[in-house]
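**Q** Sequence:
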Amino acid sequence: MEYQTTLLVDGLKFPESPRWHTNRLWFSDYATRQIKSTDLAGNVHVVWEAEDLPTALAWTPDGHMLFVAANQRRLLRLEANGPVTVADLSGMVAHACGEIVVDQQGRAYVGNLGFDFGSEPPDPAPGSILLITPDGNAQIVATGLAFPNGMAITPDGQTLLVAESYAARLSAFAIADDGSLGPRRTWAQFDDTLSFADGRFTPDGLCLDSTGAVWVAALQEVLRIQEGGTVTERITLATFALACMLGGPARCTLFVLTTSSLNPADPTANGCIEYTEVAHPGAGWP
191 MEYQTTLLVD GLKFPESPRW HTNRLWFSDY ATRQIKSTDL AGNVHVVWEA EDLPTALAWT
251 PDGHMLFVAA NQRRLLRLEA NGPVTVADLS GMVAHACGEI VVDQQGRAYV GNLGFDFGSE
311 PPDPAPGSIL LITPDGNAQI VATGLAFPNG MAITPDGQTL LVAESYAARL SAFAIADDGS
371 LGPRRTWAQF DDTLSFADGR FTPDGLCLDS TGAVWVAALQ EVLRIQEGGT VTERITLATF
431 ALACMLGGPA RCTLFVLTTS SLNPADPTAN GCIEYTEVAH PGAGWP
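For the sequence shown, the working numbering gives the first residue as 191, with consecutive numbering after it.
Just so you know, the hints here were simulated from the structure itself, not pulled from any lab data. These numbers were taken from a predicted model, which means no experiment stands behind them.
Computed Cβ-Cβ distance ranges for the label pairs, DEER-style:
id, residue 1, residue 2, range
1, R375, S400, 18 to 28 Å
2, S400, T376, 20 to 30 Å
3, G281, Q194, 46 to 56 Å
4, Q295, Q416, 25 to 35 Å
5, A231, E192, 19 to 29 Å
6, I330, F307, 16 to 26 Å
7, T275, L197, 33 to 43 Å
8, A440, G281, 40 to 50 Å
9, A455, L197, 16 to 26 Å
10, E241, Q194, 34 to 44 Å
Note that beta-carbon positions come from the ideal geometry of N, C-alpha and C, so glycine has one too.
Please build the complete structure, drawing on both the sequences and the hints.
**A** Below is the structure:
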């Protein structure tokens, strides 16, 4: 099927981490340090202006917004009077934190890059995933990831999917009853012989649909991928896709967050939110 996207919002910078909540699409406009939301008519509201880069956001089961302060390496909860710290991760990891997903028990999984933004990643892959419980206890539950990026949890709460941007793969972890993770297994592997600059499969933000397939942003495409690596749908874009999210009234609207530049500091970058309708509704978390 050939998809055509429709523009919902433009004039952003580096929109990331889209989440469908209370009939609005919420997201981080990362380069401006703002958390924003929009309705389906494209009316944008600035929710919070953060001190640090808000790389990702999520909701707890009781309706509180959590977001990640990347360089401070903190998980924050946004209250009426401003953010409060849920967990300070700076003593556990030395580099910037990235994505987040929260499960049905309110446990947060936060990705840590293992290197600073704008620098080349060391070898072997130093990325990790941290588990933060609702009471703020934190532990590292996975290591050795090549730039852990977008994450999702299956509807049964049993599997965490992670995009490893610098390994050209989607990885999966079994989730134990206590929230800890089993060994990494490859969910979908693509050619890893090309460099990032050459345009290899570079998975970024992702979401799940009701069949268990993953929609994932990957440079100038958004792909629907089944476990094992079969690509069933492909949306080609004029700019770069950073993340995607299934939402809307039936959760069949695929929102795609794009930017004209992969450099968040590029003052000429134009970030947009585009959308199209798809056959299968969203599932799992986020």
